[in-house]
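Heads up: the protein sequence lines correspond to chains A and B, in order. Residues in the first sequence are numbered consecutively from 4, following the numbering used here. Residues in the second sequence are numbered consecutively from 37, following the numbering used here.
Heads up, a few of these hints could be off.
Said to hold, decoys possible - Here are some, though not all, of the chain B residues that point toward chain A, as calculated from beta-carbon distances under 8 Å:
| id | residue |
| --- | --- |
| 1 | F45 |
| 2 | D53 |
| 3 | Q184 |
| 4 | L185 |
| 5 | L188 |
| 6 | S189 |
| 7 | Y192 |
| 8 | Y194 |
| 9 | N195 |
| 10 | F198 |
| 11 | F199 |
| 12 | S200 |
| 13 | M317 |
FYI, nobody ran anything at the bench for these hints, they're computed from the structure. Predicted model, so just to flag it, every value in this text is computed and none were measured. Backbone N, C-alpha and C fix where the C-beta goes; we use that ideal spot for every residue, glycine too.
What follows is each chain in one-letter form.
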Amino acid sequence: MVFNSFHFAFFFVVVTALYFALPFKRRWFLLLISSCYFYMAFVPIYIFILGFTIIVDYFAGIYLEKTSGKKKKTYLIASLIANIGVLAVFKYYNFFNTNLTAALQDFGIHNPFPFLSILLPIGLSFHTFQAMSYTIEVYRGRQKAERNFGIYALYVMFYPQLVSGPIERPQNLLRQFYESHPFDSARITEGLKQMLWGFFKKIVIADRLGLYVNIAYNNPEQHTGVTLLLATIFFSFQIYCDFSGYSDIAIGAARVMGFNLMKNFNHPILAKSTSEHWRRWHISLSTWFKDFLYFPLGGSRVPAYRLYFNLFIVFFLSGFWHGANWTFIVWGTLNGFYVIFAIITNKYRQYLDRILGLDKSPRMNLFINILITFSLITFSRVFFRANSLTDAFHIIGRMARFDGPIYTVDPSTLVYAIFGITVLLLVEIKQEYFPGKYSFRNHPHWAVRNLSYAFLVLSILLFGVFDGGQFIYFQF
Amino acid sequence: MFFSKLFGFLLILIVFDFLFGYFLHYLYFKQNHGRDYRTTYSMEQTNAEIITFGSSRGLHNYQSNLINNRLQYSCYNAGRDASYIFYHFAVLQSILQRYQPKLIILDINELDFYIDNRSYLSLNALLPYYDTHPEIRPIVELRGRYEQLKLLSHIYPYNSKFFSSLTGTLDIRNKRFEEARMNGFVPEYRTFNEAFSIGANEDIDQTIDTTKVQYFTSFVNECNARHLPLIVVVSPTLKKFDTERHFLRFAKDIATSNNAYFLNFTADTTFTSNKHYFRDMIHLNVTGSKIFTQSIIEKISLTRMLAER
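Given the sequences, and given the hints that come with them, work out the whole structure.
Here is the structure:
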């Protein structure tokens, strides 16, 4: 069940209405049943995989709290193996097997391991990481083990964030299932407004841009360098609007019911450096890697060479988390390289700013930094979007030639795309640099507020791409 | 308080939906050229004796004026880019509500038979006609389960059509006159470019879509029931396909068992491997379409489907 569907609209209205109708002690049960239904709407049988990891981690949490020393570590390792094992089988087995086949072929050896024809359970990477954060935090003593199996299951399966995050922490989410969350019209309005903005980003901007991007990236050998460059820039906006749109809908839907999920995006388009980009983009994942991988490796309190190695590992694995394909690994590693390079060259870049006089022109400096960061991140997304490394290098080669006319079979696609991007940038710049000012959605006059909501709804009806399909991050 | 505010907002929404919808309806039907205008013309105005149907191959391959001049029967090209058998059947139904042509030519391709989601999404082209053409409603509703619900909105039928409606009402570069002259045919002046050429879908999924087969059969049956001569044509392609396309056998069987003629040009050596006649692997350019149309005219003359004039 995708968010941008009537099925979800009916589901959301019914579940929310029942939620407020029920006494607070029964609500967790309704949410759990609803979340099961939500998940089973994709591929019903995969609920058993989710069930398996929930059972393992529920008992692991209890035993982790009761034990200490070597036994405690054993329970943690068992839990992590169970979670990572499921991920490895469903997501990475065929990838490793393909590479093993290719490697053995070079030596004339036949690969005896069969390929598996299995579908990747939706949201597997997300709820696996969310479950792992629970067991790790219990192990560290920062979270009490949840004794109520239903509440724990709901923590993993809570439908707004089940399939594409935000990847929550037990300290934030678990306690909220014990809070009463009365009907609050102001909070519900805020939640609905956030959902509406998320739908606008997904249906009007992301799916519209996707029409152009798919034409170019699915047949790159048939398009000019200029077309591929435009498609790559469009893809940067597409993936931002698709993913942050999903997050807004998830966070908004949770907020309607009184739950506060963590913020997942903080205007990453306006980042002034690649490090800052990663502090603003997919915050729940980057903080997960920071807390559970980067810091245990030593973080930044290590010699320089070790710092660079830690960053490389984090970005390599982050790329790998996104998908079982060399393109994602290259994408992740390239971003790691950006961050490492920025650290190494920090002093020289500051020196360059002084020479060019940019330190005396903060606005120009800001603009240039944002432009450079956006360009670097967009370039890396060639690998993220391309169907293969061969395609990616072909696209880069063509873009470098900057040849040929722009593909414009349907000029209206470009017009609507530019409209959507313009609205997005205006909103992002306003929220970043003028918070609390020039707001239509929060204007004191009810007519201005309602007209702005109506503008978004009517824009969705007029410019939206319906049947645009799943959210991009569902595949992870 | 919350519900009264929500009610107030919904009221504003309904009013604006109605007002904008009315404006968009006016703008859409005020167009005097462009693909949407041609759809309106096909469904509501044409009274040509020969009608050609088809997707982009239909639109760019059949020169209506040539057919008109040689056979002395008026001809209109009702083809439309990225349209499929559902669209063709809908337009045929609308035409037959008003009058009966003397000959129908239906250009088909693999996507009129194989599973492809775009075929359903492209029914977007028929949304503005949903209210006024009850004969096409079952076809429009193929788009999705909730289509009737979406069509409660007055804006939704004009989804993604605002810009094209605007340009369709402006007579830029005398397009209105040029289009009217062509009687629906849209010539393709671009020449074949090896480097950038739409492929011939060699890896296409050949799973049959039974709903499409049903509508193709309905199209053929409708013509047969009305004793309306029908020619089903598969346009030439630059490259002969390596794999046998089983939609060809399907289409031929259905056509010929219902008194329709079936013409397959995919192996015609006049066209295969002759780049000068093509814009890309599957679309003829203006030179190729002239030769192709002449071939069609010869076949029509040979079969004596139409009385000589």
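* Which of the numbered hints above does this structure break? -> 3, 5 and 13
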